[in-house]
Amino acid sequence: MPPTRTDMTRRRLLPTRFGDWRGWAGRLALLALLWWMLGGGEAESWHWGVPAIIAAALVMPTPDLPLRPLAWLRLLTLALWLGLRGAIEVAWLACRPRMQLDTRVIEHRWQRLDDTSGRLFMATLINLLPGTLTVRIDSDRLQVHVLHYRHGIVAMLQRLERHVEALFGGRHRRKESAA
Amino acid sequence: MTEWHEALSHLLIVAGALFFLTGSLGFIRFPDVFTRLHALTKADNLGLGLLCSGLALQAGGLAEAAKIMLVWLLVLLASGIGATLVASTADACGIRPWQNRTGASREARREPHE
Numbered sequence: 001m002p003p004t005r006t007d008m009t010r011r012r013l014l015p016t017r018f019g020d021w022r023g024w025a026g027r028l029a030l031l032a033l034l035w036w037m038l039g040g041g042e043a044e045s046w047h048w049g050v051p052a053i054i055a056a057a058l059v060m061p062t063p064d065l066p067l068r069p070l071a072w073l074r075l076l077t078l079a080l081w082l083g084l085r086g087a088i089e090v091a092w093l094a095c096r097p098r099m100q101l102d103t104r105v106i107e108h109r110w111q112r113l114d115d116t117s118g119r120l121f122m123a124t125l126i127n128l129l130p131g132t133l134t135v136r137i138d139s140d141r142l143q144v145h146v147l148h149y150r151h152g153i154v155a156m157l158q159r160l161e162r163h164v165e166a167l168f169g170g171r172h173r174r175k176e177s178a179a
Numbered sequence: 180m181t182e183w184h185e186a187l188s189h190l191l192i193v194a195g196a197l198f199f200l201t202g203s204l205g206f207i208r209f210p211d212v213f214t215r216l217h218a219l220t221k222a223d224n225l226g227l228g229l230l231c232s233g234l235a236l237q238a239g240g241l242a243e244a245a246k247i248m249l250v251w252l253l254v255l256l257a258s259g260i261g262a263t264l265v266a267s268t269a270d271a272c273g274i275r276p277w278q279n280r281t282g283a284s285r286e287a288r289r290e291p292h293e
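Chains A and B, in that order, give the protein sequences.
For the first sequence, position 176 (counting from the first letter as 1) is numbered 176 according to the numbering used here, and the numbering increases by one without interruption.
For the second sequence, position 86 (counting from the first letter as 1) is numbered 265 according to the numbering used here, and the numbering increases by one without interruption.
If we strip away everything but chain A, and leave its shape as in the complex, we get:
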């Protein structure tokens, strides 16, 4: 008999494997950290906080995001550095007395990422990086608006895709692990 919707929901909610326990621990830790921030670290706030955290952990969707601290650290460092450069570039372009923009729409073909969450994450991240803005997400490519074109942009997008692949996995990673 095929599993019913209730069975599938129960399977998702109740931890049955080690991986699920790790997911639960991660969610509870994340929600506890959020509560600690919102509650200002006051001890009394945990009377309401603990039931709220457990309830939220039960109903929140399970993100399909592997825990890879080093990959996250590398990506965050890169994103912060590129974000700083992007802001300085925009500030410079906006303040120049004679505004000269070389705007273009370029296409970035997906080379490594093949799952939706990784692609959406990269499309969002692109908006915070120097001079790039996601215009359209297609199944085979990404259309990116460039504020002031320079040659390093394509290489930057490819580099970014490699970093996002290290977080989410992709066709190259799967081939490597299968080999």
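Worth double-checking, as some hints may not be accurate.
[To be verified] Where chain B lies over chain A, by a calculated footprint (3+ residues, C-beta under 8 Å):
1. 31-41
2. 68-76
3. 96-107
4. 131-143
[Unchecked claim] The calculated label-pair distances, taken between Cβ atoms and stated as ranges, are:
5. A:Ala56 x B:His189: 32 to 42 Å
6. A:Arg74 x B:Glu185: 28 to 38 Å
7. B:Gly239 x A:Pro97: 38 to 48 Å
8. A:Ile137 x B:Gly240: 40 to 50 Å
9. A:Gly152 x B:Gly239: 38 to 48 Å
10. A:Leu70 x B:Gln237: 30 to 40 Å
11. B:Val254 x A:Arg150: 25 to 35 Å
12. A:Met99 x B:Cys272: 18 to 28 Å
13. B:Glu185 x A:Trp92: 28 to 38 Å
[As the list claims (entries may be wrong)] Interface residues of chain B toward chain A, partial, derived using beta-carbon atoms under 8 Å:
14. Leu225
15. Trp251
16. Leu255
17. Ser267
What the hints contain is simulated information worked out from the structure, not anything from laboratory work.
By construction, the Cβ of each residue, glycine as well, lies at the ideal position given by its N, Cα and C atoms.
Put chain B on the given structure of chain A with help from the hints.
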């Protein structure tokens, strides 16, 4: 709070306000919706980051400072997602990106992937 802390906090807040100012200037001066989104998602986000960092230095405790930085993180997420939504809607409505018609930037601007 030491004098150094206070001076650094003020410096970060002023730098943040300056980035906000340049972001607003870009919003007024840039020619179309796509270029204006660049101004809002980059200069303003760094401005808010610097502002939040300056305020976090003045916070009463670690949890309060973390809460201020959480505001920045949430705004980063919202502006990243929002920018894609606005740009893709503009594209779907047929709004073409502005192109510079002078000098070396005259040719078509849709570049294939290299």
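Original post:
Does 28 to 38 Å hold as the CB distance between Glu185 of chain B and Trp92 of chain A, or does it fail?
Top reply: Since Glu185 of chain B and Trp92 of chain A have Cβ atoms about 30 Å apart, the given range 28 to 38 Å holds.
Subject >> Verdict for Ala56 of chain A, His189 of chain B (Cβ pair) under range 32 to 42 Å >> reply: 38 Å, holds
Subject >> Within 8 Å of chain B (C-beta), three or more residues of the segment 31-41 of chain A >> reply: Contact hint for the segment 31-41 of chain A vs chain B: holds, 7 residues under 8 Å.
Original post:
So the hint says 38 to 48 Å: do the beta-carbon atoms of Gly239 of chain B and Pro97 of chain A match that?
Top reply: With a Cβ separation near 44 Å, Gly239 of chain B and Pro97 of chain A satisfy 38 to 48 Å, so the hint holds.
Original post:
Can we keep the Leu225 of chain B interface hint, with Cβ of chain A closer than 8 Å?
Top reply: 3 Å, holds
Subject >> Given coverage of the segment 131-143 of chain A by chain B, tested with a Cβ cutoff of 8 Å and a minimum of 3 residues >> reply: With 8 residues in contact (Cβ-Cβ under 8 Å with chain B), the coverage given for the segment 131-143 of chain A holds.
Original post:
Honestly, do Val254 of chain B and Arg150 of chain A meet the 25 to 35 Å range at C-beta?
Top reply: For Arg150 of chain A against Val254 of chain B, whose Cβ atoms are near 28 Å apart, the range 25 to 35 Å holds.
Original post:
Would you say the C-beta atoms of Arg74 of chain A and Glu185 of chain B sit inside 28 to 38 Å of each other?
Top reply: Given range 28 to 38 Å: holds, Cβ gap about 34 Å.
Original post:
Within the assertion that chain B covers the segment 68-76 of chain A, do at least three residues meet a Cβ-to-Cβ distance smaller than 8 Å?
Top reply: violated (count 0)
Subject >> Hint check for Gly240 of chain B and Ile137 of chain A - Cβ pair distance inside 40 to 50 Å >> reply: Taking Cβ atoms as reference, Ile137 of chain A and Gly240 of chain B lie about 41 Å apart, which means the hint holds.
**OP:** Could you see if the CB distance from Leu70 of chain A to Gln237 of chain B stays within 30 to 40 Å?
**Re:** 33 Å, holds
Original post:
Are Ser267 of chain B and chain A close enough, Cβ to Cβ, to be under 8 Å, as the hint says?
Top reply: Cβ of Ser267 of chain B sits 6 Å from chain A, so the hint holds.
Comparing the model with each earlier hint shows violations of hints 2, 15; every other hint is respected.
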